[in-house]
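There are 2 protein chains.
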Amino acid sequence: MRKTILFAIVLLSASPVRAADPVPYPEGYRHWHHVKSMVIEAGHPLYDSFGGIHHIYANDKALQGYRSGRFADGAVIVFDLLDAKSENHAIVEGARKVIGVMRRDAKRYAATGGWGFEAFGGDSRERVVGAQADTACFQCHAGQRERAYLFSQLRDR
Amino acid sequence: MRKTILFAIVLLSASPVRAADPVPYPEGYRHWHHVKSMVIEAGHPLYDSFGGIHHIYANDKALQGYRSGRFADGAVIVFDLLDAKSENHAIVEGARKVIGVMRRDAKRYAATGGWGFEAFGGDSRERVVGAQADTACFQCHAGQRERAYLFSQLRDR
Numbered sequence: 001m002r003k004t005i006l007f008a009i010v011l012l013s014a015s016p017v018r019a020a021d022p023v024p025y026p027e028g029y030r031h032w033h034h035v036k037s038m039v040i041e042a043g044h045p046l047y048d049s050f051g052g053i054h055h056i057y058a059n060d061k062a063l064q065g066y067r068s069g070r071f072a073d074g075a076v077i078v079f080d081l082l083d084a085k086s087e088n089h090a091i092v093e094g095a096r097k098v099i100g101v102m103r104r105d106a107k108r109y110a111a112t113g114g115w116g117f118e119a120f121g122g123d124s125r126e127r128v129v130g131a132q133a134d135t136a137c138f139q140c141h142a143g144q145r146e147r148a149y150l151f152s153q154l155r156d157r
Numbered sequence: 001m002r003k004t005i006l007f008a009i010v011l012l013s014a015s016p017v018r019a020a021d022p023v024p025y026p027e028g029y030r031h032w033h034h035v036k037s038m039v040i041e042a043g044h045p046l047y048d049s050f051g052g053i054h055h056i057y058a059n060d061k062a063l064q065g066y067r068s069g070r071f072a073d074g075a076v077i078v079f080d081l082l083d084a085k086s087e088n089h090a091i092v093e094g095a096r097k098v099i100g101v102m103r104r105d106a107k108r109y110a111a112t113g114g115w116g117f118e119a120f121g122g123d124s125r126e127r128v129v130g131a132q133a134d135t136a137c138f139q140c141h142a143g144q145r146e147r148a149y150l151f152s153q154l155r156d157r
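Same order as they appear, the protein sequences are chains L and P. Heads up: the first sequence begins at 1 in UniProt numbering, then just goes up one per residue. Heads up: the second sequence begins at 1 in UniProt numbering, then just goes up one per residue.
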């Protein structure tokens, strides 16, 4: 009996409820709802990390979350960052620099506000955050706790 | 019999195959596929008309058209123009200035390359092109004949 309980505890410990669970690549996000966009230029405090033009995309659950303020598990938000090239008094999109992904799972990612964080370099599937989600992502997002840890708000029109 | 034929001719003349048919407001376009974006700044030759940040959205038929080069009747493309506000070394989206709409119907809009053109001011349903599609829209788009009369190309990634 004691062995059985111990085994159950070990099983529970090995269950997927842990902060380091990798966030999957957001397949098909380019067809999701386009939430808003922004250009970050030289001189902006986040230019080194996020300089360029970025678009925010939300899957259906995330779109509902933006509206209600409550994000269900499975809500996914993508921050899609492209180079911003100046051409003849216009800013046009260049190559993809990185995509950032936030995936909601209140239990799995409890250590980082209920959101899993990951980023994929360029057009690749190469993970550039991995186990660094806490320091590389959440330390900034933590300040947005009152806004569900998000910087973006829905431009619902 | 002659009366019947005459009546049929009148009916045909009154059929919807005419260039002035109004292009309907593109309901739900904010959920369509986001094709690409661009910022037009002061100094650009189109700044007076199109200054700001614009996003291009395509319905499913238009998305297929971008990919195949052949646009089926019912394909709709939206040019969504917002104010571009400079804030702390960033460009953020402001109020909507206008949406431009191209709707494919090869017969109905044969006089303007098979595309109907319309624009709606701000967030309203107020038509700002109406019967001026030829001079206000098509005269520029005509130069893009080899590209299905479009300026935008799909950023298919």
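If you're looking for bench data, these hints aren't it; they were derived computationally from the structure. Being a predicted model, the structure only gives us computed values, none of them experimental. We put the CB at the ideal spot given by N, CA and C, even for glycine. One or more of the hints may lead you astray.
[What the hints assert, rightly or not] Label-pair restraints from in silico Cβ distances:
#: 1; chain 1: L; residue 1: H31; chain 2: P; residue 2: A42; range: 16 to 22 angstroms
#: 2; chain 1: L; residue 1: Q153; chain 2: P; residue 2: S86; range: 18 to 24 angstroms
#: 3; chain 1: L; residue 1: L46; chain 2: P; residue 2: Q144; range: 35 to 41 angstroms
#: 4; chain 1: P; residue 1: D83; chain 2: L; residue 2: A42; range: 18 to 24 angstroms
#: 5; chain 1: P; residue 1: R70; chain 2: L; residue 2: S86; range: 29 to 35 angstroms
#: 6; chain 1: P; residue 1: A42; chain 2: L; residue 2: D123; range: 40 to 46 angstroms
Verification of the hints:
1. L:H31 / P:A42: 16 to 22 angstroms: 34 angstroms, violated
2. L:Q153 / P:S86: 18 to 24 angstroms: 19 angstroms, holds
3. L:L46 / P:Q144: 35 to 41 angstroms: Given range 35 to 41 angstroms: holds, Cβ gap about 37 angstroms.
4. P:D83 / L:A42: 18 to 24 angstroms: 22 angstroms, holds
5. P:R70 / L:S86: 29 to 35 angstroms: At 34 angstroms between Cβs, range holds.
6. P:A42 / L:D123: 40 to 46 angstroms: Check failed, 33 angstroms falls outside 40 to 46 angstroms.
Hints 1, 6, counting from the list given before, are not met by this structure.
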